[in-house]
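Chemist: Chains A and B, in that order, are what the protein sequence lines are. For the first sequence, this note's numbering assigns the number 364 to the last residue and increments by one with no breaks. For the second sequence, this note's numbering assigns the number 493 to the last residue and increments by one with no breaks.
Hints are not guaranteed to be accurate.
Stated by the list, open to error - Listed next, with one range per pair, are the computed distances between beta-carbon atoms:
no. : chain 1 : residue 1 : chain 2 : residue 2 : range
1   : B       : Y242      : A       : E347      : 22 to 30 Å
2   : A       : K69       : B       : P305      : 38 to 46 Å
3   : A       : K334      : B       : Y242      : 27 to 35 Å
4   : B       : M285      : A       : K155      : 33 to 41 Å
5   : A       : A346      : B       : V270      : 43 to 51 Å
6   : B       : A240      : A       : E347      : 26 to 34 Å
7   : A       : E234      : B       : L190      : 49 to 57 Å
8   : B       : Y242      : A       : E32       : 30 to 38 Å
9   : B       : V193      : A       : E32       : 22 to 30 Å
10  : A       : K187      : B       : S245      : 52 to 60 Å
Unchecked claim - Only pairs whose alpha carbons sit at most 16 Å apart, straight line, appear in this in silico EDC-like list of lysine to aspartate or glutamate:
no. : chain 1 : residue 1 : chain 2 : residue 2
11  : A       : K187      : A       : E32
12  : A       : K110      : B       : E327
13  : A       : K252      : A       : E233
14  : A       : K285      : A       : D261
15  : A       : K203      : A       : D245
16  : A       : K350      : B       : E243
17  : A       : K320      : A       : D288
18  : A       : K110      : B       : D318
19  : A       : K69       : A       : E32
As the list claims (entries may be wrong) - These stretches of chain A come out as covered by chain B in the derived footprint (C-beta under 8 Å, 3 or more residues):
no. : segment
20  : 67-74
21  : 78-84
22  : 164-171
These are calculated hints, taken from the structure and not from any lab test. Ideal Cβ placement from N, Cα and C applies to all residues, glycine included.
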Amino acid sequence: MKILRRTGLALALALTAGLWGAGGARADEPLKVGFVYVGPIGDHGYSYQHNQGRLAVEKHFGDKVKTTYVENVPEGADAERVIRQLATSGHQLIFTTSFGFMNPTVKVAKQFPKVKFEHATGYRRAPNLAIYTARFYEGRYAAGVAAARMSKTHRLGYIASFPIPEVVRGVNAFLLGARSVDPKAEVRVVWVNSWFDPGKEREAAEALMAQGVDVLAQHTDSAAPVQAAEEKGVWAIGQSSDMSRFGPKSHLTAIVNDWSGYYISRVQAAMDGTWTSTDTWKGFDAGMVHLAPFNPAMPAAVKADVLKVVAAITEKKLHPFTGPIKDQSGKERVAAGQTLSDAELLKMNWFVEGVVGSVPH
Amino acid sequence: MRLEARLEPSRAMMVAAPLLAVAATLAAGGLLFAALGFDPLAALFTFFVSPLGDLTGVSEWLLKATPLALIAIGLALGFRGNVWNIGAEGQLTMGAVAAGGTALALYEASGFWVLPLVLTAGVLGGAAYAALPAVLRTRFHANEILTSLMLNYVAILVLAWLVHGPWRSPEGYNFPETRMFTDAALLPALIEGTRLHVGALFVPVVALVVWAVLSRSFLGFQIKVIGLTPAAGSYAGFSPNRVIWFSLLVGGGLAGLAGAMEVCGPIGQLVPSVSPGYGYTAIIAAFLGRSHPLGIVLAALLLALTYLGGDAAQIALAVPLAVIQVFQGMILFFLLAADVLIRYRVRFSARVQTGGTR
Chain A
4 MKILRRTGLA LALALTAGLW GAGGARADEP LKVGFVYVGP IGDHGYSYQH
54 NQGRLAVEKH FGDKVKTTYV ENVPEGADAE RVIRQLATSG HQLIFTTSFG
104 FMNPTVKVAK QFPKVKFEHA TGYRRAPNLA IYTARFYEGR YAAGVAAARM
154 SKTHRLGYIA SFPIPEVVRG VNAFLLGARS VDPKAEVRVV WVNSWFDPGK
204 EREAAEALMA QGVDVLAQHT DSAAPVQAAE EKGVWAIGQS SDMSRFGPKS
254 HLTAIVNDWS GYYISRVQAA MDGTWTSTDT WKGFDAGMVH LAPFNPAMPA
304 AVKADVLKVV AAITEKKLHP FTGPIKDQSG KERVAAGQTL SDAELLKMNW
354 FVEGVVGSVP H
Chain B
136 MRLEARLEPS RAMMVAAPLL AVAATLAAGG LLFAALGFDP LAALFTFFVS
186 PLGDLTGVSE WLLKATPLAL IAIGLALGFR GNVWNIGAEG QLTMGAVAAG
236 GTALALYEAS GFWVLPLVLT AGVLGGAAYA ALPAVLRTRF HANEILTSLM
286 LNYVAILVLA WLVHGPWRSP EGYNFPETRM FTDAALLPAL IEGTRLHVGA
336 LFVPVVALVV WAVLSRSFLG FQIKVIGLTP AAGSYAGFSP NRVIWFSLLV
386 GGGLAGLAGA MEVCGPIGQL VPSVSPGYGY TAIIAAFLGR SHPLGIVLAA
436 LLLALTYLGG DAAQIALAVP LAVIQVFQGM ILFFLLAADV LIRYRVRFSA
486 RVQTGGTR
């Protein structure tokens, strides 16, 4: 019975694939590009930035492309349906922009070998499935330098979403950046278990400020923490996009995800027929991450120092995860002079000494 | 113009009300889309017809309606008996956890018995979780609306803890997910090449059984009496506690089954978000279906269609999600509003009667 089911499935897959594969792109037709977002495009954070990338693609290619997006797609059984719907409706290049879309993207990619897929922040690849993400931690390290220089209490706050390696790495990079200029700096972490929940993010911000935190950083997508900081008169660091309009006085800078260049190059490759399944993980050097304009109230010396750090990282003279690095238990994780490998960074699940809070296990 | 209570529900209106609601939805929805610059006919067509244009579409539709129908039927049993289980989301999650845990424990095993065991674990997980509000209600008179609702958040955190911690996939780079289940623990496809699985067959069976219990059994009679007039029920010697236990366990069990079928069906592993709010949407399905199993199946199909239609409208016409959500809200509003006409009639006279409406 199992064999029957398998062959039946294989047959059906081959059939669908053949059917849809036959309808390849013709030169005079615009390339249809699909985007799947986990949040609303109005989050002014993560999904907003991906959508900015989509708009940049439209602007760059004009009527040579037609883009489609589906926003607020839950990570679960629904994602696969949405991705498949994009594939069946003639989209030839599909970007799925959240980790939870990984397995659904893999499944759909198998069924549509002629369609090109790109999944952000995951690790599974296929011949027609590329993966990409940005070295956000480079921005977080530089932001940590700025935060520690501006803090009077040596207490920095961090509103964290989910304890995945990406977020844990961000907290650690922020702390390491802060400690590079202030050995007394500590980072207090609050988990909100959500990517986008203005109510919870605000509560977390209030709780951190009540503990004497005077610079807030966040790895959640709403502007609520920046707004809360603006009201209390403490500093805030925006997430994913420039959030300065939500806190003109408090917004120190933001770690901006800039997907425009990447999306344009991938669409171009798909048009030229040079698209291959790649694994992209770039940072400051490729412009995938940059810092938003600094707050005018920031002293010139601090600005210069932060820019120096950014330049050093861009030129690969400085790696944020250079030893000696101890974890919270005091155990040395990275020896002096060594740096963490990408493989170790990708599965990081421990906090650096100086982080107050724990990684839920 | 005013509303006047009818002596008994109007049979004509029972049929006319949904039709009226559909007409009002189409008219108002058409206006909404037209006002925003979309072709109203194309928008309505994309929303209601295009998702069901092929076999894949129909299978996705049934797949989406399955958990909603199962959960809503279970909830309706309680709603009939005045037991307000708002905790289906948590019971679904615990069902998924129990099923997923069993599937992972039997990772090395293969055989026909794995899947039934996994699904049974899901039912038991959901029922056990619903037993908590049942104990609290029958022992301590704690309001089950509050306790069951609050337990939802606990269940979601338990799931998050498991997938971030002890059950995390060893090959998953510390990402919050378990291993993919083996074929032995996955529901076979009902239609080859689609995601629709044999679990969908539970819906007609459960609907029929619950309908029989409600309309043909003494237990169903007790539920209704206690639901309508608790005092009359206790004079007749019916046990309210029995009704509470029965409806919570059955409701929790069905929600648990739905959760098990999500993780053993389209998802294939445990992830932090198993349900996109099925436990809450099912409450709407139960009300929309007037707590009748057949009505609920129809309501679940309608709700499922609005989700598929929403995706289709975003993809094909670039209708913003917010507009789609307004439209989805309008559908529910008109359906529930039209139901008023079953119990009330509209009088156009301005005269105020003093002797009441009876």
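Chemist: All hints are to be evaluated individually against the structure, with a verdict given for each.
Modeler: Status of the hints after comparison with the structure:
At about 27 Å, the CB distance of Y242 (chain B) to E347 (chain A) agrees with the hint of 22 to 30 Å. A hinted range of 38 to 46 Å for the beta carbons of K69 (chain A) and P305 (chain B) is consistent with their spacing of about 42 Å. Separated by about 32 Å at the C-beta atoms, K334 (chain A) and Y242 (chain B) satisfy the suggested range of 27 to 35 Å. In this structure the hint that M285 (chain B) and K155 (chain A) lie 33 to 41 Å apart at CB holds, the actual value being about 40 Å.
A hinted range of 43 to 51 Å for the beta carbons of A346 (chain A) and V270 (chain B) is consistent with their spacing of about 49 Å. For A240 (chain B) and E347 (chain A), the hinted distance range of 26 to 34 Å is satisfied, since their beta carbons lie about 30 Å from each other. The beta-carbon spacing between E234 (chain A) and L190 (chain B), approximately 55 Å, falls within the hinted interval of 49 to 57 Å. Taking 30 to 38 Å as the suggested C-beta distance range, the pair Y242 (chain B) and E32 (chain A) does not conform, at roughly 47 Å.
Roughly 29 Å separates the CB atoms of V193 (chain B) and E32 (chain A), a value that falls within the hinted 22 to 30 Å. Taking 52 to 60 Å as the suggested C-beta distance range, the pair K187 (chain A) and S245 (chain B) conforms, at roughly 58 Å. With a CA separation close to 60 Å, the supplied pair K187 (chain A) and E32 (chain A) exceeds the 16 Å bound. Note on K110 (chain A) and E327 (chain B): the hinted pairing holds, with a Cα-Cα distance of about 15 Å set against a maximum of 16 Å.
Proximity of K252 (chain A) to E233 (chain A) is assessed by CA-CA distance (about 6 Å); at most 16 Å being required, the pair is judged to hold. Among the hinted pairs, K285 (chain A) with D261 (chain A) is consistent with the structure: their alpha-carbon atoms are about 11 Å apart, no more than 16 Å. The suggested pairing of K203 (chain A) with D245 (chain A) is violated, with an alpha-carbon distance near 21 Å, which exceeds 16 Å. Between K350 (chain A) and E243 (chain B) the alpha-carbon distance is near 26 Å, which puts this suggested pair outside the 16 Å criterion.
The straight-line distance between the Cα atoms of K320 (chain A) and D288 (chain A) is roughly 12 Å, inside the 16 Å bound, and the hint therefore holds. Using a Cα cut-off of 16 Å, the hinted pair K110 (chain A) and D318 (chain B) holds, with the two alpha carbons roughly 15 Å apart. Straight-line distance between C-alpha atoms of K69 (chain A) and E32 (chain A) comes to about 9 Å, which keeps the hinted pair within the 16 Å bound. Figure legend: the segment 67-74 of chain A, annotated as covered by chain B; annotation consistent (4 residues with Cβ-Cβ distances under 8 Å, at least 3 required).
For a cut-off of 8 Å, the count of residues in the segment 78-84 of chain A with a CB near a CB of chain B stands at 6, and the three-residue condition holds. Coverage of the segment 164-171 of chain A by chain B holds [criterion: at least 3 residues with CB-CB distance below 8 Å; count 4].
Checked against the numbered hints listed earlier, the structure breaks hints 8, 11, 15 and 16; every other hint is satisfied.
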